[in-house]
Amino acid sequence: MSWTLLQKEGHETQTPLEAGEAPCEPVGEEVQRLNVIHSLPFLLTAEEPQCMQRILPKVQQGLPSASAEFHLAASSTFLTILEKKLVHPRTFTQTFLQGILSSIDSRDPVVASAWLETLLDVIDLLPATVVKSDILPVAIAKGQIAQPVSTRLTACKLLGKIATKFEPYMLKKEVLPLIHSLCQDVNYEVRACICSQLHYVARSLDAETVKPALLPSLVELASDEESHVRLEAVETIVNMLPTLQADSVKFTIVPLVKKMCEQSLRAEDSVMVKISEQFGKLCLGLEKLLTPQEKAWMLRHYQKMAELGLPQVMKTNVPDYAMMPDVVPANTDNHIACRHNCAYNFPAITAFCGTAGKMDNFSQQLYSTFRDLACDPYFMIRHTVACGLYEIAGILGSASSVLKPELITLLKDDAEVLQGLVPHLGQTLLLLSKAGTFSPDFMDNTVLNIGRALIKCEAEISMTTNWRLHAEILGQLEYLPHCMPSDFIYSHFIPIIFHRIHAARPVPCRMAAARTMLVFLRYNVKETQKNAIRARIDTDLRNNDSCYKRLLYVKMCATAMDLFSKHYFKEYFFMPLIDLADDQVPNIRLTVVMMFPKLKSMLCLPGDHKLLTSLEAHIRNLSINEKDRDVKAQLNLTIEALDAIEVQVEVIGSQPPASKEDIEDQRKADEETKLSGIVSALGKRKFVGQTDLKRRFIEFKSPPVPSVAEKKNYSSNIPTSSPIRTSLQHPTTFFGGVPHKSAMQRYANTFICSVRFLILCEI
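Positions 1 to 763 (full-length UniProt numbering) are the ones given, in order, by the sequence shown.
Hints were generated in silico from the structure; no laboratory data involved.
Take the hints with a grain of salt, since some may be wrong.
Heads up, simulated DSSO-like pairs for lysine-lysine below, C-alpha to C-alpha not over 30 Å straight-line [as the list claims (entries may be wrong)]:
#, residue 1, residue 2
1, Lys211, Lys295
2, Lys259, Lys157
3, Lys674, Lys610
4, Lys281, Lys157
5, Lys132, Lys211
6, Lys173, Lys84
7, Lys250, Lys211
8, Lys295, Lys281
9, Lys173, Lys132
10, Lys132, Lys172
11, Lys172, Lys84
12, Lys598, Lys674
13, Lys570, Lys610
Work out the full structure: start from the sequences and follow the hints.
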């Protein structure tokens with residue numbers, strides 16, 4: 001693209017004036033200018049000399065009278081040129097920088113702000129010498145008291161950015177005098193703006209210099225008569241803590257913070273809200289330098305902020321509240337904002353108190369505040385507590401079991417609150433399980449109560465239109481085998497998951513339920529229950545009359561490949577899956593064909609000769625009989641991929657190093673063997689890469705086939721007697737369907753499974 005072409009393109013886009021139309025700048029010319037400025041980086045890359053000689057002068061010439069849209073495009077383009085190093089920094093300084101410096105004085109505030117942001121970003125990319133010679137004089141000139149307020153505000157922002165480029169001695173000589181002057185400015189906006197830049201200056205100064213150079217100004221600004229200045233001072237104090245010496249913090253900052261906290265709490269103004277927002281960072285920054293008495297004071301102040309505006313507190317503190325609640329405001333905006341910030345900072349306050357592993361300390365100091373926040377009348381505060389619950393549990397460690405009542409309460413809350421709780425629900429349950437709140441090894445009232453709350457939570461979310469949250473909760477339930485007994489999960493959660501697989505309309509929800517079902521199957525410790533789950537998966541999905549259910553089974557098998565070991569998958573999923581290659585629906589055949597390469601890669605001869613023969617038979621059958629063009633096209637691609645895959649063969653003797661995939665598969669197989677309680681015949685046979693190997697792959701033995709007597713006693717394994725009632729009634733429980741007659745003929749134990757399901761329903 002050349003300048004001539006751009007001119008021609010712009011000329012063609014011009015529209016002639018209509019009769020009687022006022023003479024004004026043609027639209028086509030403005031389009032041409034925007035086209036040129038957007039194409040400038042490309043032109044500099046392709047034809048830099050001509051672009052610098054012919055295009056840039058015209059761009060700079062048109063800047064003063066250009067539209068706001070052109071200025072916005074030019075500011076972005078100039079920064080892109082420097083970021084991509086399309087020109088030398090010296091060339092950028094001579095050609096582009098002066099235009100930027102002149103444009104920050106534009107009368108249009110939008111244009112001036114855009115160019116100022118560009119200049120601040122440019123300072124980070126330019127050498128310090130250029131900043132000192134070209135930008136610092138402009139900032140000093142704009143910071144003089146005779147300049148307008150908007151110009152002095154620009155100077156404040158420039159000085160904060162410039163300070164990051166200079167050495168300490170240069171800062172003290174060139175920048176600090178003007179900063180001190182701006183801290184004394186007559187306009188509160190200027191004082192607030194320079195206050196927000198002090199922490200940038202402090203980072204570039206020595207620790208010994210910060211105290212005499214900046215601390216007096218900061219203390220004065222923190223006591224300013226204008227609340228806007230004090231707001232900025234609170235944030236600046238937090239940001240400057242890492243740069244201050246210990247004695248400065250101990251004898252200056254701590255008393256200053258306590259004074260600001262007390263004054264703002266009495267006034268209940270916006271400064272109090274800002275302090276509550278920064279209180280977590282403030283406490284953690286001061287933690288190592290506070291005495292026990294000062295820590296206790298900070299904690300009491302936090303508790304006062306966290307209870308502002310609560311009805312029970314208003315009744316105690318306001319004598320006329322009970323008689324005139326409508327006259328005495330119970331919840332002002334500042335009160336709600338303050339409690340919301342306290343809820344956000346609760347994990348930091350928990351860490352500040354050093355209560356990790358000390359349940360007594362937490363119960364005495366913070367639990368009442370946590371309970372009030374978790375039951376706050378305002379739902380956004382409860383939502384924030386729910387978002388941080390897993391962090392609080394992680395900080396408390398072994399003491400996190402104290403959070404159990406609030407977890408149950410939040411699980412029964414509205415959908416808006418559950419949006420904050422659900423994404424980390426599994427992690428929260430694991431932390432509580434590690435703390436001994438409940439365990440997969442025994443059944444007690446805690447398991448029952450949390451299980452009931454989880455069921456209500458899932459039911460509440462299922463009735464909303466938020467299918468993403470529903471898929472999330474179904475996915476989080478896969479953590480349950482690590483927290484609750486497998487019998488309890490089998491009796492109460494598997495029926496719900498099966499129902500969601502059938503009834504949930506969004507596909508992600510059905511897929512999440514299917515994955516959770518596979519996780520429940522994997523970690524179930526009773527072989528009879530595993531057989532029942534697998535039988536129902538075959539009956540309800542693989543043999544279902546609905547093509548959507550059969551397709552879901554195929555996708556479920558893809559997930560099973562990742563969850564289970566190769567041995568387990570080949571034993572229970574391989575043959576049922578490839579049988580669906582003969583399905584009457586093309587989409588199902590297409591999906592199965594796409595999985596053939598991965599299926600072949602998990603085979604190992606001679607043990608899997610039967611599976612390989614069956615796979616090849618299905619491929620031949622499809623090659624001969626397939627009519628659908630999409631399936632045929634995919635089959636051709638799959639055959640090419642299959643030809644490139646060599647079937648693994650057990651080798652005796654020297655072996656290559658084991659791959660990560662083999663090691664991971666071995667881990668899965670060992671875990672499955674441990675979970676099933678079956679003594680495996682692994683013995684001395686390990687995977688490749690270990691020094692004592694004699695064979696390359698493991699030869700698994702199938703679990704023993706149950707005898708007729710065992711089948712008759714199939715339903716006797718259901719836990720019947722327990723000191724605690726464990727039956728929960730879910731509003732959408734679906735566990736009593738009778739299998740199809742054809743499926744009963746194919747699978748001998750399906751009828752027994754259905755009998756067991758009916759018995760569970762009776763319980």
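How the hints compare with the structure:
no.	hint	in the structure
1	Lys211 to Lys295	24 Å, holds
2	Lys259 to Lys157	29 Å, holds
3	Lys674 to Lys610	27 Å, holds
4	Lys281 to Lys157	24 Å, holds
5	Lys132 to Lys211	25 Å, holds
6	Lys173 to Lys84	34 Å, violated
7	Lys250 to Lys211	12 Å, holds
8	Lys295 to Lys281	14 Å, holds
9	Lys173 to Lys132	12 Å, holds
10	Lys132 to Lys172	14 Å, holds
11	Lys172 to Lys84	33 Å, violated
12	Lys598 to Lys674	26 Å, holds
13	Lys570 to Lys610	11 Å, holds
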